[in-house]
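**Q** Kindly generate the complete structure, drawing on both the sequences and the hints.
Those protein sequences? They're chains A and B, same order as listed.
In this text, residue positions in the first sequence follow full-length UniProt numbering: the first is 1, and each later residue adds one.
In this text, residue positions in the second sequence follow full-length UniProt numbering: the first is 1, and each later residue adds one.
Calculated from the structure, these hints are not laboratory results.
Where hints are given, some of them may not hold.
Note: identical chains are not told apart, hence a pair may lie in one copy or across any two.
Stated by the list, open to error - The list that follows gives simulated cross-link-like pairs (lysine-lysine, DSBU-like), each with its CA atoms no further than 35 Å apart:
{"hint": "1", "residue 1": "224", "residue 2": "496"}
{"hint": "2", "residue 1": "440", "residue 2": "163"}
{"hint": "3", "residue 1": "162", "residue 2": "415"}
{"hint": "4", "residue 1": "114", "residue 2": "80"}
{"hint": "5", "residue 1": "483", "residue 2": "496"}
{"hint": "6", "residue 1": "397", "residue 2": "162"}
{"hint": "7", "residue 1": "134", "residue 2": "69"}
{"hint": "8", "residue 1": "397", "residue 2": "163"}
{"hint": "9", "residue 1": "495", "residue 2": "224"}
{"hint": "10", "residue 1": "81", "residue 2": "69"}
{"hint": "11", "residue 1": "159", "residue 2": "440"}
{"hint": "12", "residue 1": "81", "residue 2": "415"}
{"hint": "13", "residue 1": "169", "residue 2": "415"}
{"hint": "14", "residue 1": "415", "residue 2": "440"}
Number of protein chains: 2
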Amino acid sequence: MGLPTVLLLLLAILTPGAAFHVPPAMKALSSLRWSASSTFRRTVAKNYSVHYIQQKVDHFGFSADKTFKQRYLIADAYWKKNGGSILFYTGNEGDITWFCNNTGFMWDVADQLKAMLVFAEHRYYGESLPFGNKSFRDSRHLNFLTSEQALADFAVLIKHLKKTIPGAKNQPVIAIGGSYGGMLAAWFRMKYPHIVVGALAASAPIWHFGNLVPCGVFMEIVTKDFKRGGPNCSETIRSSWDAINRFSRTGAGLRWLSEALDLCTALTNAQDVQHLKAWLSETWINLAMVDYPYECDFLQPLPAWPIKVVCQYLKNPSVSDAQLLQNIFQALNVYYNYSGQASCLNISETTTSNLGTQGWSYQACTEMIMPFCTNGIDDMFEPHAWNLREFSDDCFKQWSVRPRPAWIITMYGGKNISSHTNIIFSNGELDPWSGGGVTKDITDTLVAITIPDGAHHLDLRARNAFDPTTVILARSLEVRHMKQWIRNFYASLRKKH
Amino acid sequence: MGLPTVLLLLLAILTPGAAFHVPPAMKALSSLRWSASSTFRRTVAKNYSVHYIQQKVDHFGFSADKTFKQRYLIADAYWKKNGGSILFYTGNEGDITWFCNNTGFMWDVADQLKAMLVFAEHRYYGESLPFGNKSFRDSRHLNFLTSEQALADFAVLIKHLKKTIPGAKNQPVIAIGGSYGGMLAAWFRMKYPHIVVGALAASAPIWHFGNLVPCGVFMEIVTKDFKRGGPNCSETIRSSWDAINRFSRTGAGLRWLSEALDLCTALTNAQDVQHLKAWLSETWINLAMVDYPYECDFLQPLPAWPIKVVCQYLKNPSVSDAQLLQNIFQALNVYYNYSGQASCLNISETTTSNLGTQGWSYQACTEMIMPFCTNGIDDMFEPHAWNLREFSDDCFKQWSVRPRPAWIITMYGGKNISSHTNIIFSNGELDPWSGGGVTKDITDTLVAITIPDGAHHLDLRARNAFDPTTVILARSLEVRHMKQWIRNFYASLRKKH
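**A** Encoded structure:
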């Protein structure tokens, strides 16, 4: 009990120097403490084997025939060769062992689906580095970091597993992923329906591109979460920006701010203040993403329903600037110092930096162009328009690449995806990413499951005694769909023979 | 009348030095003479406008942001903004103007489908050269010649058309192609169903990969065509190989052969003889592909049902070697000298060399690995096994690349394509490529249309007074399906509004 076992994926990347980039915020590391029956799961969770497959660095070109080692994990304790299935985690932007140990849902359902669990690492993350420690050196080395190459890796890997594991050949494979991994799961089913019979895409904001959804939707949901967190909570945060701005006008004000917020490094200029505000915004965003119903470790430990706890300090937007910012400091302490261990607050960190932030930063500058904006009215943030030009220039400065914002929609269909089948899009209504997700059924087999009390892919986490009924229901619906896909697969297999 | 108006695509590439490579034989140039109502069509056929779009050289990588000009043609004489459609020719390995002028079917149905016709040139062919005259210089320059890049070009182009042509935005697009272009049409619908509502894949051997079909099937169909061409015809051709071998044992024999076959360049060694036999094989293959029911110009003019004409000279396999080869010479003259203009036979040509043979040779060495073999029993050729190793070595010698024979199946699904919808696979039973095609319905919306009297995508050619009933029927079925797709598109559009 009490040991960290589940990691949550959620990512936040600061792009320093940019006026306002709400981060492609899809990753961070969290580990949860279990209150119930976690020992068994923990043991099982560790019982996987590690494998490697040689993959082409470039599936879409033949001039360089270089290969690299992609890592993948297999857990087959519950796998049955007769009538079994393969659950395939489409790894996203991080070390695959984290995902493996922390997508408890897959471990929880392995038994009833007689499933082999496979966790495939995404290229350029974890150990799966196409050019070793040179992988991030420059845009030439990063050239093969795309969703298309990642999906091709998955396809080649599954073909390889079916060929080499006796009994796997005639089994249905289901893609599962969360966040960017959820997008990959959905896209994998769309592009390789011959390889996976269906996909569970949890908290996958596949529509957070172009102008498929309003650019303000993300921050509006963050704001809604804080409104829900307590009376005047979002208003207090909204008031904090001007308070900070007023303090920032003088050197004395900056010094006071630095002390009041207990910052590790004192603020000295306007850019530092921009940085501070971006860091604060990210903190609120991250809280919205991990607003889970049970106590958990998220970088620092967090209480159950952390936004509620934070909002206890943010009840009054009308106090003096000094008082308001002291209250903000109390709130920040919930997130950054719940354990009481932090000696100061470091505004260059909001989440762990272990997870592939470099890789994601590159992806966010190339294919994964998600527009964000705020207006300060429908949300609790300072108004910032989405500025593609500026974003593109920042990307060029950082990576020598330019974003292609229309490409993902051209490639994966945007809102026009109704000809596909067998994809579950699950979204928590508390999750800001749900704004870019599929939250209404598209067809009978492209279904949306919404979890009113759920934050970022809560459904993919292991079951917990404090799970709200809505997530329990969501998981059981998901299993029902998966069982149907498996039955259909075997029925059509029998028809063939 | 009598002017060449329609080009047939069919390609044959000799790979000199290789023991036996039945060519990726999908291209050659033919122009047909019309016996009826061709004047009107010819006029219409010429009425297109030429356009260019800047395409990324690499859709799947961001390090080089280079672009090139892709050519495309538009004919909109019959296009209606209200309730119309867009027929999109997925250009294959050749100059797009040839395809445009010679896919008469599209011109013939434009009126009833109120269709805009678009013909998109395949990158690395015609004028659409990513690196100008350096495009074929080496494998680095050729690196972006893949089917995936070509499909991405098509997708980007269609998005561009919908954005820039008033009235095009809310119209259904149907992909149409023949041969390799037919594969592209089918794959385009599979991978980009949000962009095209359906595809007509004519004579598309999408299963001529790996061991999806027996490697001998192609040459067996060629043989069957010659069996059908006349009594003892295929047997005579089968006997010719040994006759050639016996003559080839001596210098005098080689000299006799060279004279008897009226070769432009005399045979001097064993390799020349190999070359001669490969050239002969290709000639028979090409005849099988263009065994059309009406007189036409194919490089040299050809009579109607040319195999029947050829077989009039090949009635007796049991005559002396000399007599037999003199008869073969008569048969060859049907193909190479129907017009009586040829002064000698040139064994380094079987088809025009204008069409992108370099590009196809590269594609056939990378993605498009189609195994061919003969056993001399079920077919009329000398026995040759399919030897991937040898093939790969030849490719490496020629292009410094190695084939990836499993890739196309991983990418496009092989035989496991039943989850897709709205693809018509049409095949002529006389066409040797039908052996690798889809000739049985897979589902209600993945339908096969076979044309008993059809050679290589006869259905895509303009209507002709000598068309067999079966191809007329096939075309009307195709139109019926396309109309259904268009109706469905508009019905679902109305539902949305």
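**Q** Taking the hints in turn, state whether each one holds.
**A** Consistency of the hints with the structure:
no., hint, in the structure
1, 224 / 496, "between (52 Å within a copy, 29 Å between copies)"
2, 440 / 163, "between (38 Å within a copy, 27 Å between copies)"
3, 162 / 415, "both (33 Å within a copy, 16 Å between copies)"
4, 114 / 80, "within (5 Å within a copy, 55 Å between copies)"
5, 483 / 496, "both (20 Å within a copy, 31 Å between copies)"
6, 397 / 162, "between (44 Å within a copy, 33 Å between copies)"
7, 134 / 69, "both (14 Å within a copy, 34 Å between copies)"
8, 397 / 163, "between (45 Å within a copy, 30 Å between copies)"
9, 495 / 224, "between (51 Å within a copy, 32 Å between copies)"
10, 81 / 69, "within (27 Å within a copy, 52 Å between copies)"
11, 159 / 440, "both (33 Å within a copy, 26 Å between copies)"
12, 81 / 415, "between (38 Å within a copy, 23 Å between copies)"
13, 169 / 415, "both (34 Å within a copy, 15 Å between copies)"
14, 415 / 440, "both (12 Å within a copy, 33 Å between copies)"
In the structure shown, no violation is registered for any of the earlier numbered hints.
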